[in-house]
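Visitor: This is what each chain is made of:
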Amino acid sequence: MKIMVAIKRVVDYAVKIRVKSDKSGVETSNVKMSMNPFCEIGLEEALRIKESGLASEVIAVSVGPSQCVDTLRTGLAMGADRAIHVEASATLYPLSVAKLLKALVDVEKPGLLILGKQAIDDDCNQTGQMVAGLLNWPQGTFASKVVLDKEKEVATVEREVDGGLETLCLDLPAVITTDLRLNQPRYATLPNIMKAKSKVIKKFTPQELNVDIKSDLEVVQVTEPPKRKAGVIVSSVDELIDQLKNEAHVI
Amino acid sequence: MRTEMWRAAHRLISHRSKNLCDPRWNPNFHNSIQSYSSGFTYNFGRTCKPFNPYLRRQGSDVQICIYPTRDYIENLHGSTELCYGKSFRIQNRFYGSATTKIQRNPIFSTINSDDINHFREILGEKNVIQDEDRLSAANMDWMRKYKGSSKLLLQPRSTEEVSQILKYCNSRCLAVVPQGGNTGLVGGSVPVFDEVIINIGSMNNIISFDKVSGILVCEAGCILENLISFVDNQGFIMPLDLGAKGSCQIGGNISTNAGGLRLVRYGSLHGNVLGLEAVLANGTVLDMLGTLRKDNTGYDLKHLFIGSEGSLGVVTKVSILTPPKLSSVNVAFLACKDYLSCQKLLLEAKRKLGEILSAFEFIDNQSFNVVLNHLEGARNPLPPSMHNFYVLIETTGSDESYDKEKLEAFLLHSMEGGLVSDGVLAQDINQASSFWHIREGIPESIMKAGAVYKYDLSIPVEKMYDLVEEMRVRLGHSAKVMGYGHLGDSNLHLNISTPQYDDAILAQIEPFVYEWTSKHRGSISAEHGVGLMKANKIHYSKSAETVQLMASIKKLLDPNGILNPYKVLPGSLASSS
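Chains C and P, in that order, give the protein sequences. Count the first sequence with UniProt numbering and you get residues 1 to 251, in order. Count the second sequence with UniProt numbering and you get residues 1 to 577, in order.
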């Protein structure tokens, strides 16, 4: 069984985000980019499943500009067997990505598609669910535990939901999106980095996959939230009541 | 009464503590002290927070100072060195360097109410502090090893006020201790007896910053971390970085010629400080606050003040060159099979990585184990199998892909050449931080493992680990000897961990360590300074003639010897007046 893992190249989690002066987006030039943390967890899970013998191959997939290849190399250095890069320079929203992933699934025919639950740059939390809908596959999102049963062709997924933990049983093939507590991703060791150099990254374009990536969404403006005003220290209870009544109009 | 205090101390301290010490009374507390080493660590990760002292007094003879903070107790499971910082009975029991029984120099006057009034006139009521709790914190050093008994803390807000204070103290022959963030490790920032503490912390303005040249001019009381954030916004970084940056002040950094993690790349403060303003013992203000990169007019006196640990003058303003901030930072954590490989790796790194190398640290197996066992959140980056040595390499450059390629090529080449047996390369900032967390968490972890004797030595790279191995042979099973440090700067941090403090073990360590270092023409204090702890040991690393000249310079700049007495120079030389 093949496992396909979708990974996204995003602004590094530890970087302080700045908005561009023309308010068209977030500053991404000259800023450290790396693999989305949830995608890393997804890849780690796929590798663990392969190491336990239940899968034959892990394919890392990414959609985006040419620098995505760096992120795919990281994935290969962690242990993925091959990678696929769909070259697309425009900003892609979840629906377009979901359509591209569906096209790739039709090509590769994996038994399991793993994604991170959301990307830390847009926090959409949509791609996994959309691609499951397009493929008509069962989905287990916010997975905090995944157990595969090869003979029965079933995946048991424990999900972290607001009310607690929910356990689902999914028929394979299925879509799983990962949450934080699923595992702790491994580091890329030097021997693996060396091996990764010889691994293949296949390139596709959206045209080759027959996918229309025109988006029906347009970002008009990106601004920082308004700076929090400093608090005021009042000298007496009367002054407090006066301020609440006359200035804040809450009583 | 004793048991009551004892139980109270217990209640405040975690019950898992193994090292307990008895409270002792010292009626002659005011006149002499014993210096001892309690093996505290200063490094609680990359930022350290100042802690609140909780002072309990039981009667006038005994003072027990217990310093719990939530963070501190969470971090301190094993040791109970909290008991330190108390008066000690004069007796032969000592923990650290051979008993340095210092007597208070009688030429120094004692403070009286006229003095207090005079200071109040100069500084205003608020900045003349005699409050017990605040004094208590200011009297105790960061590691809780040394405690003075000063009765007066002054907080000047300008150079003029510092000048007036010193002029007055000089005329009255009142000893003073300049104090910054109080994070020093050799007892140089706290009073020995009742010296007046001059805390520069209120002088924390940034005066100017030139965005083109990166020259920062600021007052000496600016906290390093604040300066780092400030210049970061402008696209620059400070040339020094150390674990204590959350509390240490730039004036103190300069007075101790602090080294830190970036020295291998940006050099020492002697190279980065372009100018400073200092106040001499008699109140003269020396304005050497140039912002020029090159100025060859006369003797370059600022270098005297850099590293003089407050004994020649009080630094009040600083002008420092800050390097531009480079975007691409890469960190690799490697394993080597022996020390020779580490050395060869260092040479290769300097050659192959050259201009992008920004840190090169080594950790031996024993230190690594201690970290994995005692540090919260520490994770072995390498696949489980123990290696003998670990090396952390950091590169900083301007082009991400170029640097990564260069580093990868270097690492793979080293691996093929057998220098490196395994390693990992951080793929994002979090992974890089976790590698640094391991290296920076070593002092903290060692502290949790029990009592520790710490030494900071500069030894030629080829010989560095020989000392660690000799100490292991010497101490056998009685202690665990650990070595780690800035291999890139030939700086070894030798730590000897024992379940409890033991004079017999100490006798095996000192003066052997100092003699060994001296024999190999190393330095007994690479970056921590001399302070009080090593004042009488300076001859191990400097010739008698050199020390004599130092004493002459001290006499010239501070004839009454009021600035930070009993420290830096040996007592025999400095006390001539």
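Treat each hint with caution, since some may be false.
Unchecked claim - In silico lysine to aspartate or glutamate, EDC-like type, Cα no more than 20 Å apart, as pairs:
no., chain 1, residue 1, chain 2, residue 2
1, P, 352, P, 399
2, C, 20, P, 232
3, C, 32, C, 51
4, P, 404, P, 470
5, C, 197, P, 408
6, C, 195, P, 115
7, P, 463, P, 515
8, P, 167, P, 114
9, C, 102, C, 171
10, C, 199, P, 502
11, C, 32, P, 405
12, C, 197, P, 405
13, P, 404, C, 12
14, C, 195, P, 405
15, C, 197, P, 515
16, P, 325, C, 27
17, C, 16, P, 114
18, C, 32, P, 232
19, C, 16, P, 399
20, C, 195, C, 51
21, C, 2, C, 171
22, C, 32, P, 515
Said to hold, decoys possible - Listing some non-contacts, in silico: residues in chain C with all C-beta distances to chain P over 10 Å:
no., residue
23, 21
24, 30
25, 53
26, 108
27, 169
28, 189
29, 212
30, 240
31, 245
What the hints assert, rightly or not - Taking CB as the label site, the calculated pair distances span:
no., chain 1, residue 1, chain 2, residue 2, range
32, P, 418, C, 168, 43 to 53 Å
33, P, 348, C, 207, 44 to 54 Å
34, P, 298, C, 221, 54 to 64 Å
35, C, 225, P, 365, 43 to 53 Å
36, C, 162, P, 476, 54 to 64 Å
37, P, 134, C, 16, 49 to 59 Å
What the hints contain is simulated information worked out from the structure, not anything from laboratory work. Fair warning: this is a prediction, and the values are worked out from it, not measured in the lab. We put the CB at the ideal spot given by N, CA and C, even for glycine.
Visitor: Now look at each hint and say whether the structure bears it out.
Guide: Structure-based check of all given hints:
1. At most 20 Å may separate the alpha-carbon atoms for a hinted pair to count; residue 352 (chain P) and residue 399 (chain P) meet this at roughly 16 Å.
2. At roughly 18 Å between alpha-carbon atoms, residue 20 (chain C) and residue 232 (chain P) fall within 20 Å of each other, so this suggested pair holds.
3. Using a Cα cut-off of 20 Å, the hinted pair residue 32 (chain C) and residue 51 (chain C) is violated, with the two alpha carbons roughly 31 Å apart.
4. Our distance criterion of 20 Å between C-alpha atoms is broken by residue 404 (chain P) and residue 470 (chain P), whose separation comes to about 39 Å.
5. Our distance criterion of 20 Å between C-alpha atoms is met by residue 197 (chain C) and residue 408 (chain P), whose separation comes to about 11 Å.
6. A threshold of 20 Å between alpha carbons decides the hint, and for residue 195 (chain C) with residue 115 (chain P) the separation of about 74 Å lies outside it, so the pair is violated.
7. Among the hinted pairs, residue 463 (chain P) with residue 515 (chain P) is consistent with the structure: their alpha-carbon atoms are about 14 Å apart, no more than 20 Å.
8. With a C-alpha separation of about 15 Å, the suggested pairing of residue 167 (chain P) with residue 114 (chain P) holds against the 20 Å cut-off.
9. The straight-line distance between the Cα atoms of residue 102 (chain C) and residue 171 (chain C) is roughly 18 Å, inside the 20 Å bound, and the hint therefore holds.
10. For a cut-off of 20 Å, the pair hint linking residue 199 (chain C) to residue 502 (chain P) is broken: about 58 Å separates their Cα positions.
11. Distance check on the hinted pair: residue 32 (chain C) and residue 405 (chain P) sit about 15 Å apart at the alpha-carbon level, within 20 Å; holds.
12. Taking the CA atoms of residue 197 (chain C) and residue 405 (chain P), the gap is near 12 Å; set against the 20 Å cutoff, the hint holds.
13. The hinted pair formed by residue 404 (chain P) and residue 12 (chain C) meets the criterion: a straight-line CA distance of about 16 Å does not exceed 20 Å.
14. Taking the CA atoms of residue 195 (chain C) and residue 405 (chain P), the gap is about 15 Å. The hint holds against a cut of 20 Å.
15. Using a Cα cut-off of 20 Å, the hinted pair residue 197 (chain C) and residue 515 (chain P) is violated, with the two alpha carbons roughly 51 Å apart.
16. The hinted pair formed by residue 325 (chain P) and residue 27 (chain C) meets the criterion: a straight-line CA distance of about 17 Å does not exceed 20 Å.
17. Of the pairs offered as hints, the one joining residue 16 (chain C) and residue 114 (chain P) is violated, with about 53 Å between alpha carbons and a cut-off of 20 Å exceeded.
18. For the suggested pair residue 32 (chain C) and residue 232 (chain P), the alpha carbons sit about 15 Å apart, so the restraint of at most 20 Å is met.
19. At roughly 19 Å between alpha-carbon atoms, residue 16 (chain C) and residue 399 (chain P) fall within 20 Å of each other, so this suggested pair holds.
20. A distance of roughly 17 Å separates the Cα atoms of residue 195 (chain C) and residue 51 (chain C); the hinted pair therefore holds under the 20 Å criterion.
21. Taken as a hint, the residue 2 (chain C) and residue 171 (chain C) pair is honoured in the structure, with Cα atoms around 15 Å apart against an allowance of 20 Å.
22. Distance hint between residue 32 (chain C) and residue 515 (chain P) is unfulfilled; the C-alpha atoms sit about 48 Å from each other, more than 20 Å.
23. Every CB of chain P lies more than 10 Å from the CB of residue 21 (chain C), the least distance being 15 Å, so the non-interface label holds.
24. Listed as a non-interface residue, residue 30 (chain C) fails to keep its Cβ farther than 10 Å from every Cβ of chain P; the least gap is roughly 5 Å.
25. For residue 53 (chain C), the shortest C-beta to C-beta distance to chain P comes to about 19 Å, beyond the 10 Å cut-off, and the non-interface label holds.
26. At roughly 25 Å from the closest C-beta of chain P, the C-beta of residue 108 (chain C) stays outside 10 Å, upholding its exclusion from the interface.
27. At roughly 33 Å, the least C-beta separation between residue 169 (chain C) and chain P is larger than 10 Å, which holds for a residue marked as non-interface.
28. Consistency note on residue 189 (chain C): stated as away from chain P, yet its beta-carbon is not over 10 Å from all of that chain's, at 5 Å minimum.
29. Residue 212 (chain C), annotated as away from the interface, keeps every beta carbon of chain P farther than 10 Å; the closest lies near 32 Å.
30. At roughly 28 Å from the closest C-beta of chain P, the C-beta of residue 240 (chain C) stays outside 10 Å, upholding its exclusion from the interface.
31. No beta-carbon of chain P comes within 10 Å of the beta-carbon of residue 245 (chain C); the shortest separation is about 36 Å.
32. Remark: the range hint 43 to 53 Å for residue 418 (chain P) to residue 168 (chain C) is upheld by a beta-carbon distance near 50 Å.
33. For residue 348 (chain P) paired with residue 207 (chain C), a C-beta distance near 47 Å keeps the hint of 44 to 54 Å intact.
34. Under the hint 54 to 64 Å, the C-beta atoms of residue 298 (chain P) and residue 221 (chain C), about 59 Å apart, fit the expected range.
35. Taking 43 to 53 Å as the suggested C-beta distance range, the pair residue 225 (chain C) and residue 365 (chain P) conforms, at roughly 49 Å.
36. Between residue 162 (chain C) and residue 476 (chain P) the beta carbons are some 59 Å apart, a value that agrees with the proposed interval 54 to 64 Å.
37. Taken as a hint, the range 49 to 59 Å is violated for the pair residue 134 (chain P) and residue 16 (chain C), whose Cβ atoms sit roughly 35 Å apart.
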